[in-house]
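Novice: The lines below spell out each chain.
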Amino acid sequence: MTQLDRQGTSDPVAVPFTPGMRDNPEELALIPDEIAREHVVPPSDDPTPTEQFTEQWRNASYNCFSSGHKFCREVCPVTQVTRNESWTPTAFHANVVAMDKGELTIEDVAADYVNCTQCGACELRCPNSLFTGDFYRFRTRTVDVVKAVRAFAVDSGVHQPQWRTWNARTDERTHEPVLGDTPVSQDHVRDWSEGLDIPIGGETVLFVDCEAAFYRTSVPRAVAQVLQLAGYEFGLMGEQWCCGGPAAEMGYVDQAKRFAQHNLDNWRSTGTRRVLVLDPHDYISFTEDYPKYFGDDYDIEVVLVVELFAQLIREGRLTPSVPIERSITYHDPCRLNKRKGIWKEPREILRAIPGLDFKDVDRVTQWSYCSGGGGGLPVEKPDLTAAISANRIQKASALEVDTLVSACPWSERPLGEAGRSESIDVVDIHELLAESLGIVVGGSRGGADGADPSRVETANDEPVGKRGE
Amino acid sequence: MSDSPNSATNGRIGYRYAEQMTPPEPERVTDVAITTHPHVFEVDPRLMERWVLQQQFPNWDSLRIMNSRADHLAWMHRHFAYSVVTGSELLAEVEAESSSGPGGEGPTGV
Ligand code: SF4
Ligand code: SF4
Chain A
0 MTQLDRQGTS DPVAVPFTPG MRDNPEELAL IPDEIAREHV VPPSDDPTPT EQFTEQWRNA
60 SYNCFSSGHK FCREVCPVTQ VTRNESWTPT AFHANVVAMD KGELTIEDVA ADYVNCTQCG
120 ACELRCPNSL FTGDFYRFRT RTVDVVKAVR AFAVDSGVHQ PQWRTWNART DERTHEPVLG
180 DTPVSQDHVR DWSEGLDIPI GGETVLFVDC EAAFYRTSVP RAVAQVLQLA GYEFGLMGEQ
240 WCCGGPAAEM GYVDQAKRFA QHNLDNWRST GTRRVLVLDP HDYISFTEDY PKYFGDDYDI
300 EVVLVVELFA QLIREGRLTP SVPIERSITY HDPCRLNKRK GIWKEPREIL RAIPGLDFKD
360 VDRVTQWSYC SGGGGGLPVE KPDLTAAISA NRIQKASALE VDTLVSACPW SERPLGEAGR
420 SESIDVVDIH ELLAESLGIV VGGSRGGADG ADPSRVETAN DEPVGKRGE
Chain B
0 MSDSPNSATN GRIGYRYAEQ MTPPEPERVT DVAITTHPHV FEVDPRLMER WVLQQQFPNW
60 DSLRIMNSRA DHLAWMHRHF AYSVVTGSEL LAEVEAESSS GPGGEGPTGV
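Protein sequence lines, in the order shown, are assigned to chains A and B. Note that numbering that gives the first Met the number 0 gives residue 225 to position 226 of the first sequence, counting from 1, and the numbers run on in steps of one. Note that numbering that gives the first Met the number 0 gives residue 98 to position 99 of the second sequence, counting from 1, and the numbers run on in steps of one.
Hints are computed from structural coordinates only; laboratory data are not their basis. There may be inaccurate statements among the hints.
Which chain B residues face chain A? A few, computed with CB under 8 Å, are given here [unchecked claim]:
id, residue
1, Arg15
2, Val31
3, Asp70
Listed next, the stretches of chain A that the computed footprint assigns to chain B, with coverage defined by at least 3 CB atoms under 8 Å from CB atoms of chain B [claimed, not checked]:
id, region
4, 106 to 113
5, 131 to 139
6, 323 to 329
7, 360 to 370
Note that the Cβ used here is the ideal one computed from N, Cα and C, for glycine as well.
When you get a sec, could you build the whole thing from the sequences and use the hints?
Specialist: The structure is reproduced here in structure tokens:
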């Protein structure tokens, strides 16, 4: 029963009222309470997989479909460069409504859902989050919807070719095939730390994502040496596997859960209580996916290295003193700024480094910036990632800087490639801080060796080249 | 600009599941609204749940939204338009841009 169902002036709800106010007419209390439930539509006795899926995501999708104000469009990096109406946050919700109504099938829409970096801009900018999300305890969940549709596609046997190969390789090697034709393996996951004398296990371990462990090894080397300089005790994981986040993002959820379980078991086996994370994508996995998988059993503290470094600088345990003569701007990684609200600490670090000419762009403007490197996009659609990176680099170029600083290894490869044509160097914030602390970082910044995330070995070890749009 | 979500953890950095899943004790501010975190007003979930399925928000998420809202409003004020632009001027600008090739949108849409 709703207000609209009632008629007549004697009806207590004929006059507008605010539910719950103590001066409401007493008769109102006689109207039975109703609770919003999942089962808005009575479930059928023998639901199809699509019905089971839309049952779960109908509510989140109608939240957008019934609003449809499209504030999300101009902050969406994919919409910006493609203007394809099927690749907008609005469409990602509307499709679920269409599936619910039996107008579309997962086969019809699965490929559209590739076109999302899961940057979170749309769901933050959506008024249903930004202005009412906390007030109504209900917000827009585009990233969850996109992940869920991708998972439903995989469960329905609808695969994207590169994603399937990528995840099969990851499953086989326990790490993402970030070096293209060069195999990655468990035996080499700690190679980046050569000569740094880091113990295994202990109360605190440093988790290094696949891209940083195998491709941009300068980042973990910088992080480890800065920690050592500050006298911060840490070890490396006994047997580190990929965090599982990319598999979850591409729809391979069972695999993601297996990887998560392995890592949690491994932390437990070495008595680890705290995990330091240098990569924003891992930070999302450990603070959003793992809690969903493990619930109350999840007792591992997760610390983002950027936050830790800002704190160590504040406490005087790190004092960058070697001037770095660069003109820089900072790229807010989507998973820190938009998805976690972390934007202050990286700026604190950069402002502590002497010599930098820092041309900052505020965090809200950067809601519409993205490297294009997230959500598996570079694996399946490298050209689209490149277009988004080029767009981001143009914004930096307009500031007449020589360096774009990021805090996300996954953004640094596409941004670095796009930066080359504009003579903009892409540097990681941890590398920059280490340099200003007088550390000779070592390792590789990737790039020159021709590794390409879009070149994944197939089952018979034939390289798969880039696919066009 | 606003504080970071660390205000949910008394300034202590790091994510701890139990802490994130335990919101501060709510305070009633009117008959129909409560505050959990300071400045985060919520319709009393008891009333809200009659119409809208209530989601679970870890502390960081409530604070992220609240802080982002404040930042966005400040941003809007900084970008407040003090002049009126005619539609024809805008169209001319769009045409000029599209003739110089595809590109991303600027912050105007934020
Ligand atoms: S995601 Fe939000 S802003 Fe975008 S169309 Fe849907 S309701 Fe509107
Ligand atoms: S998460 Fe980012 S890329 Fe995906 S639809 Fe939203 S704004 Fe676009």
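Novice: Now tell me, hint by hint, if it's right for this structure.
Specialist: For each hint, the structure was consulted:
no.: 1; hint: Arg15; verdict: holds, 5 Å
no.: 2; hint: Val31; verdict: holds, 4 Å
no.: 3; hint: Asp70; verdict: holds, 5 Å
no.: 4; hint: 106 to 113; verdict: violated (count 0)
no.: 5; hint: 131 to 139; verdict: holds (count 7)
no.: 6; hint: 323 to 329; verdict: violated (count 0)
no.: 7; hint: 360 to 370; verdict: holds (count 6)
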